[in-house]
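Just so you know, the sequences run in chain order L and P. Residue 550 in the numbering used here sits at position 550 of the first sequence; the count goes up by one each step and never skips. Residue 898 in the numbering used here sits at position 287 of the second sequence; the count goes up by one each step and never skips.
Treat the hints with care, since some could be wrong.
Under the rule of at most 20 Å between Cα atoms (straight-line distance), these lysine-lysine pairs were calculated in the PhoX-like manner [claimed, not checked]: (1) L/K165 x P/K672; (2) P/K654 x L/K474; (3) L/K442 x L/K423; (4) L/K512 x P/K696; (5) P/K654 x P/K711; (6) L/K388 x L/K413; (7) L/K474 x L/K533; (8) L/K92 x L/K116; (9) L/K116 x L/K302; (10) L/K417 x L/K398; (11) P/K773 x L/K165; (12) L/K403 x L/K413.
In short, the hints are calculated from the structure, not lab data.
Spelled out, the chains give:
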Amino acid sequence: MKKILAFALAFVMVFSLVACGSGEQQPATKGENAGDASQPLAVCVGSEPDTIDPALNSAVDGATLLVHLFSGLAKWKQDDAGKFEIVPDAAKELVEGVANEDGTVTYTYTLRDGLKWSDGQPLKASDFVFAWNRAASAELGADYGYMFEIVDGYEEISEADDDGKPVNPDAKLNVEAPDDSTIVVTISNAVSYWNELLAFPVYFPVREDVVSNESWATDPATYVCNGAYTLDSWEHNSLITLKKNENFVDAAEITMDTIEFYLSDDANNQLSNFKNGTWQLIDDVPTNEIANLKTTYPDEFKITGQIGTYYVCWNVNEDILPAGSTLTGEEAEAARAEIRNAIALLFDRNYIVEEIGQAGQVPASSFVAMGMTNPDGTEFYKTAGDSKDFDGYYDVSKEAIEKNYDSAVETLKKYYKFDETSKKFTDFPTMTYLYNTSEGHKAIGEYLQSALSNIGITMNLENQEWATFLQTRKNGDYSIARNGWLADYNDPICFLDMWTTASGNNDVQFGKGDHAKVTGYSLDLTPYGLDTKVENGTWAETYDVLIAAIKACTDNETRYELMHYAEDILMSTGCIVPLYFYTDIYMISKDVDGFFSNPLGYKFFMYTTVK
Amino acid sequence: MNSKTLFYIIKRIGLAILTVWVVITITFFVMHAIPGGPFVGEKAISASAQAALESKYGLDKPLMEQYGTYLKDIITRFDFGPSLKQRGRMVTDIIADGMKTSVKLGVISAFSALIVGVVLGSVAALRRNKLIDKIIMVFTTAFVSMPSFIIGSLMLALFSVKLQWLPANGTTSAGLILPIITLSLYPMAYITRLTRSSMLDVLGQDYIRTAKAKGVSAGKIIFGHALKNSLIPVITYFGPMLAYIVTGSLVVEQIYAVPGIGRAFVSSITNRDYPMVMGTTIVLAALIVVMNLISDILYKVVDPRINLE
């Protein structure tokens, strides 16, 4: 009796609140209009985007919106076999470049006929020229401004004095529009990823009169685009609705009329909305639900490749030699490199991906991520390193764990005191592992900590809030830290040029501080037809020179050989300890056909139909 | 209103302004002191771009100068400046957007809590130690002790995933029902307990006994005398509670994906979006200060015995 009363009371309380709550109640949508062609697709790929200006965006969810709103010279396509290709979009064809005498390459594109902006005005070649110069300018300060690095003239634009003021404020990219439908662009040297860049949002066109209003990209009324959809409405922090653009030249191919992008960054909330049928695609699920979802939603839970590497980075200037070590300079650095590489062998990457990550990640033994391909189509990571027995720089198979462990201990014994009874090292300096606050990173940190404590190495864990963490890591105020890198385009250089001395992403601090004077690196480019040969050089004299040589290299085969060479030097330092290659997980309703997601994580909904 | 009351109100308003100024000053300098910056991202931008952005938003100026400019803009133009992260949007607009939802959510929750709380509290007091009183007390104790993220997650799992009666995202009006219930449970339970104890106290007073002895009807005693006087503590609680609900709904906003001010506030700190941090802090601080002020003044109106000095 008491129980019944209690329940009755609870219901009265709850519903009295509901009654005062809201007038316009609507039942939860549950796909009642199944089969209706005009039924919108409801998805969630992230929270409120910081911007949907193609030049300013640097987020994957923003890029997903942008590939629906804009049409660049090229676009991503998935063929029937599931293979990705870059095909012409606004351009009639993706022409071959013409090599110039100075090594630069010039491309002449012709725009398709009848291209229009969403407000009906004709799209001109000069709109591309304007958009590219705008995106590359220091004045705009776009995160992805450097994506124009390959275009001739970018160097002059980005050149800055010590105060960061541009040296050539009037510099422009070498791109021109001789008439309304022709774009002539010159790039510094031939690269295989050029067509892919043309499909990258930062290369999408914008119109000068539209973007002269600084708030143009925040309001549907001022948002003029040229892609498959128009921005129909934007309820900030809640919902972005895209409607098919009738002025789009390929409008007939677009099967989905309306896409609703719900904005949420809470994985539990996303999952609830997916489970009750309100949303047909979600891009995030709670990590602790993954194992469960794999079995309860076998057809909906998807894992796809993503080009990125989760790794641990050392501060190259952190002294990890035992107190009282007499080694100095190159010898000390060589010893540290050997120690770091030995420690890299102590981690069981299979445990990390299977027990902690749980999202189909692949154990990594090299830095350049899975998904990057050599000119012959083979995986770059499979041809990394010298070994014939395994891929990459060490054997990360389950069978090799014991062997790796023994070899690591043997190496470490050369430098540290080993207590044979406890099987532990006694004089390894205490370190601190820095990571950004997150349960997943913490779990990995704790695993690394336990693996090291097995052999007597004490590693404390320290977590910092994201923005603080980024600053600390960039400044090199750490000894060992969590790190990760996602590719911007399918070319290994985006994993390699970040480690040059002056790079803003050089978290390891190569060539900085004490490491600037360490002359322990060699570089021999004579086998590649270049007359560079350095022995016992500094990081700047070797690695930086090699990256410059790669960027200037016009022969694709040689270029890839040089990139493997660069990764060899990088990995020899032991400062990069790859743990796994990222994957992208999402859930999609079985009722949705025609969806695809590319290796950069962009989701394409324009060709979908809902059953 | 006598001159003493007026003087008191003016003094309180002055204090309120001073409080907000102190909040502005502390937030401004603490915010700039924490590591990281609005243009430090995972992928580094070039030095020239960094410099261009800093000069565009005045971040290259000395801190004291920035502080001065900031205060001047607020006082003279009520201008919080542009967001550094959501390029092209003004902080005032972003806050207005968020406040629209948060205030709606907060006000409905607060009044639901008030009405239900007072009714349940009165019922419990009048039926003291009866079954209904015990049931109400058990539930209110439970709601007072359960954190909102647990109640929120449970209700989400039950009403929108299992039963599918209500949407899980707070973007529509129907979607606000669950957040409103979640937000109002705690204050509702608190008000119930407050009303109950206060009512019991009042019911034991001499004037109630006198009224009873004079033969005044039970209804008149309760509504005419007891209820009014037992609401004084509720009123003092209500003002700060409303501010607390509007400003503190972050967890609930997160669980139900409600586009309120709480999420904007937290993400602005993570992003080091300085003008956003300042803007939201000022608005929320002002809200709390004003609510406290109103409840203090109301207090005086309801109970003339209270001496404001």
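Verification of the hints:
{"no.": "1", "hint": "L/K165 x P/K672", "verdict": "holds (15 Å)"}
{"no.": "2", "hint": "P/K654 x L/K474", "verdict": "holds (10 Å)"}
{"no.": "3", "hint": "L/K442 x L/K423", "verdict": "violated (27 Å)"}
{"no.": "4", "hint": "L/K512 x P/K696", "verdict": "violated (30 Å)"}
{"no.": "5", "hint": "P/K654 x P/K711", "verdict": "violated (35 Å)"}
{"no.": "6", "hint": "L/K388 x L/K413", "verdict": "violated (27 Å)"}
{"no.": "7", "hint": "L/K474 x L/K533", "verdict": "violated (31 Å)"}
{"no.": "8", "hint": "L/K92 x L/K116", "verdict": "holds (15 Å)"}
{"no.": "9", "hint": "L/K116 x L/K302", "verdict": "violated (36 Å)"}
{"no.": "10", "hint": "L/K417 x L/K398", "verdict": "violated (28 Å)"}
{"no.": "11", "hint": "P/K773 x L/K165", "verdict": "violated (59 Å)"}
{"no.": "12", "hint": "L/K403 x L/K413", "verdict": "holds (15 Å)"}
Hint violations for this structure: numbers 3, 4, 5, 6, 7, 9, 10 and 11, all remaining hints satisfied.
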